[in-house]
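Colleague: Put together the whole structure using the sequences plus the hints.
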Amino acid sequence: MNTTSRGLVLDEDLLFEKSQPGRIGYSIAELDVPQVFPEGHFTRGEIADFPELSEVDVVRHYTRLSTWNYGVDSGFYPLGSCTMKYNPKVNEVAARFPGFSDIHPQTPEALNQGALKLMYCLQRDLEEVSGFPAMTLQPAAGAQGEFAGMLMIHAWHEANGQKRNKVIIPDTAHGTNPASAALCGYEVITVASDGVLSKEAVAAVMDDDVAALMVTNPNTLGLFEADIREICELVHERGGLVYADGANLNALMGISRPGDLGIDVMHFNLHKTFSTPHGGGGPGSGPVGVAEKLRPYLPVPVVVKDGDDYKLDYNLPDSIGRLKSFYGHFAILVRAYSYILSMGGEGLRRATELAVLNANYIRARLEGSYDLPNKQRSLHEVVFSEDALENDCHTLDVAKRLIDYGYHPPTIYFPLVVHGSLMIEPTETESKQAVDEFCDALLAIAEEAKVTPELLKQAPVRSKVKRLDEATAARKPKLRWGQD
Amino acid sequence: MRYLPHTDVDVQQMLDKIGVSNIDELFSGVPEDCRLKRPLDLPAAKSESEVLLSLRKLAEQNATTSQWDSFLGGGAYNHFIPSVIDQLISRSEFYTAYTPYQPEISQGTLQAIFEFQTLICQLTGMDVANASMYDGASACAEAVLLTVRAGKKRNKVLLSNALPPQYRETVTSYCRYLNVELIDIPLNSGTTDQDKLIELLDDQVAAVVVGYPNYFGLVEDIAAIAEHTHAHGARLVTAVPEPLALALFKSPGELGADVVVGEGQSFGVPLSFGGPGIGFFAVRKKDMRVLPGRLVGETLDQDGQRGFVLTLATREQHIRREKATSNICSNQGLCILMVSIYLALHGKQGLRQLAEVNYAKSAYAREKISQLDGFDVTFSGESFNEFVVTCQEPVAELKKRLEQQHILAGISLGRDYSELENGLLICVTEQNSREQIDRFVKVLAGGDAR
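Chains as they are written, first to last, in this note's numbering: chain W, 3 to 486; chain V, 137 to 586.
By construction, these hints were calculated from the structure, which means they are not laboratory data. Nothing here was measured: the structure is a model prediction, and the numbers come from that model. Any given hint might turn out to be false.
Below, a list of computed lysine to aspartate or glutamate pairs in the DMTMM-like style, where the Cα atoms sit at most 20 angstroms apart [unchecked claim]:
{"id": "1", "chain 1": "V", "residue 1": "Lys193", "chain 2": "W", "residue 2": "Asp311"}
{"id": "2", "chain 1": "W", "residue 1": "Lys434", "chain 2": "V", "residue 2": "Asp160"}
{"id": "3", "chain 1": "V", "residue 1": "Lys332", "chain 2": "V", "residue 2": "Glu317"}
Modeller: Printed below as a string of structure tokens:
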């Protein structure tokens with residue numbers, strides 16, 4: 003049974019509060035060349051209030067901070083849409099090989115063949131998983147992948163002499179979708195979906211001004227967009243393209259390939275599907291696969307194979323350009339490639355199957371106690387509403403109470419189409435026992451809502467801090483130490 | 137497979153509970169014509185030892201900064217990384233967590249970000265910094281978007297030609313389909329041409345963007361550029377590719393910049409073939425509410441204890457969707473930690489001392505090379521740890537010649553600057569010993585150092 007206790011929670015001041023004048027935490031080799039200084043009017047005085055700490059101070063500081071966090075290694079982390087699967091340790095070791103971590107991006111290609119080969123092989127593997135013939139690994143995260151994809155769509159229309167200014171996005175979409183479309187100068191047309199997107203709903207808004215449809219498959223309700231082939235055909239007939247948000251690819255590996263369905267461009271989230279760590283917020287990695295017709299617009303440089311040599315090709319005259327410095331989050335790419343090597347093709351499919359099994363099992367266990375608005379067969383995640391909760395208890399209260407039971411809460415209040423969403427994505431790396439204990443906790447909380455709702459309202463009581471005053475934080479922002 | 141915990145018994149019990157007879161039935165929502173009818177054509181799973189072996193083989197084919205004498209910079213810098221950093225970021229409570237959406241169990245990440253925001257403000261001389269962007273180049277692009285957003289109807293942005301080329305290219309991509317006119321400011325002796333800047337400035341200009349230090353390692357006259365820029369009501373964006381310089385040179389904030397962005401890789405983040413890096417982004421108070429990206433603020437919990445939360449989220453995509461200040465969702469969480477630990481270790485004295493070492497080493501190399509026949513230091517201005525030399529020998533040949541002696545000579549400037557076809561951008565940091573520099577100079581001069 004997963005339980006929590008009120009253990010020893012160590013307090014810790016800010017770096018700046020711990021600082022002691024004259025303390026040092028570094029060592030620098032003695033200067034072996036003549037000391038010279040810039041002219042005085044260029045130089046700055048000492049940086050006011052910059053910390054002064056010993057190495058021990060710093061180590062203890064961050065170690066204490068770490069204990070206030072909850073990660074996948076701490077326990078079950080069913081954050082919907084984020085695919086918080088286990089982050090294999092061998093990936094961490096490999097990414098730290100000096101041959102990967104200590105290479106400068108401007109080293110001549112002939113001296114970086116191993117790095118380029120790894121990128122090339124990863125591209126090929128991602129192409130096979132997704133069904134797209136071409137790939138860029140450059141985007142730094144999913145949202146930047148979306149942006150890259152929409153730029154390519156824009157460039158393609160432009161090359162075809164089309165001036166299209168609208169993008170259709172279902173109401174279940176991640177917020178990044180409309181934001182990325184807007185960044186490419188598009189007007190966003192939101193289309194209501196009834197669980198899944200219907201061909202009719204798309205047809206009603208599809209016209210010659212629409213550049214693209216952006217769709218997430220399976221969508222954020224965990225439902226496969228069953229009409230996707232017809233919808234792609236319809237959009238293509240009217241001259242548009244289809245973008246897929248690949249955030250939920252963990253539901254499809256080895257089962258269905260977006261590139262085979264008529265989708266023109268899709269981003270991956272390597273930090274979701276391919277097990278790279280979420281890092282407390284990042285860095286992520288958002289490669290983008292494209293159909294053949296979009297290949298000329300890929301960001302530069304692209305990694306190519308020329309005979310036995312791997313190269314960075316900058317010669318793409320129609321490219322959308324670059325989205326960041328250098329070639330992508332290489333250290334994350336190493337981890338994802340290590341994951342694919344470890345899993346193999348069969349293992350990836352098995353991961354998908356078990357992720358879907360776990361989500362459906364949770365659904366089966368909770369369906370009678372929590373309201374399930376969409377009854378269709380769902381895949382890797384399940385979304386409940388707050389409608390069955392009693393005594394004015396809400397999704398937020400359930401989430402906070404889960405913390406007392408020792409869990410990271412699911413995603414809450416997203417997708418927006420479900421009233422008080424509780425979006426649960428277990429992933430494949432959780433055992434039946436872990437999933438059962440989590441379900442037991444949620445069932446106990448549903449019962450508490452009936453009998454002792456104050457336990458939900460007061461929660462969490464076992465965490466480092468209790469509920470925080472977010473309203474004041476936003477009204478009177480204090481965004482740094484030492485200034486009011 | 138060792139990451140997949142299900143036994144056959146588990147699977148059967150779960151299927152029974154769900155009420156289906158096999159796993160395939162769970163995929164009944166995926167139409168037949170959407171199914172892949174064959175296994176994925178990928179190699180079979182490897183054991184852990186095999187994975188490590190094949191990755192090590194790839195790693196061994198790369199020229200590392202530890203085995204080669206590297207004089208490469210240009211936006212990615214070879215600095216020493218204290219052992220503490222990797223030990224601490226390997227605490228899996230940090231690296232296996234995600235965005236601190238649930239603040240009660242994310243105070244470690246949140247306090248670390250709050251401290252990072254403070255450190256960046258102190259370093260840049262600005263009021264408010266966000267919780268990081270992807271890298272310096274994309275932060276620079278987001279800064280341009282901020283100035284256009286905040287500049288009301290102004291839609292021209294002047295980009296210094298001395299900005300790193302990858303920054304200019306990224307800005308260009310970001311503005312590709314927006315109503316923003318990007319105009320280059322030419323070079324004058326390697327820095328932003330101020331006379332041309334004055335000519336280009338008008339009341340349609342939302343921003344002037346300059347590097348500090350710029351791509352050639354030179355220290356721009358930010359105060360003068362700020363004065364010209366502000367005279368026309370525009371914002372000055374200062375992009376900092378090598379932030380160690382800020383420990384030695386006046387901060388952009390002190391000199392009048394309105395937005396300071398840059399790349400934090402220098403501070404404890406491995407080179408890793410160019411990524412991940414970490415973009416930082418700082419503004420004046422007046423622009424706080426149009427900032428892109430996440431922000432952490434201080435507040436109190438129900439018992440009056442100090443705590444930290446994500447705040448001002450109404451700027452962001454998950455709330456505002458197409459009206460958000462940016463599409464960015466993730467930040468560079470783990471790299472924030474690397475940078476913060478690095479800055480905390482070096483602190484007030486160490487960072488300054490390290491910057492002085494970089495300055496002195498670079499000055500030493502520049503002086504030595506300037507004495508060689510066939511090499512001229514191209515620009516005479518004050519520089520930090522990089523400088524440009526003009527070579528008589530074709531740069532490509534020269535680089536090849538040095539590679540034979542295990543030296544990575546620098547970056548050829550010809551591809552990005554036609555007027556600098558014979559230019560070589562050389563970077564010298566604390567990682568380059570005097571012995572290395574002397575050998576470099578000797579080989580440049582045609583000697584053999586093997």
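Colleague: Now tell me, hint by hint, if it's right for this structure.
Modeller: Hint-by-hint comparison with the structure:
1. V:Lys193 with W:Asp311: 16 angstroms, holds
2. W:Lys434 with V:Asp160: The hint holds at about 19 angstroms.
3. V:Lys332 with V:Glu317: Judged against 20 angstroms, a Cα distance of about 17 angstroms means the pair holds.
The structure is consistent with each of the numbered hints, conforming to all of them.
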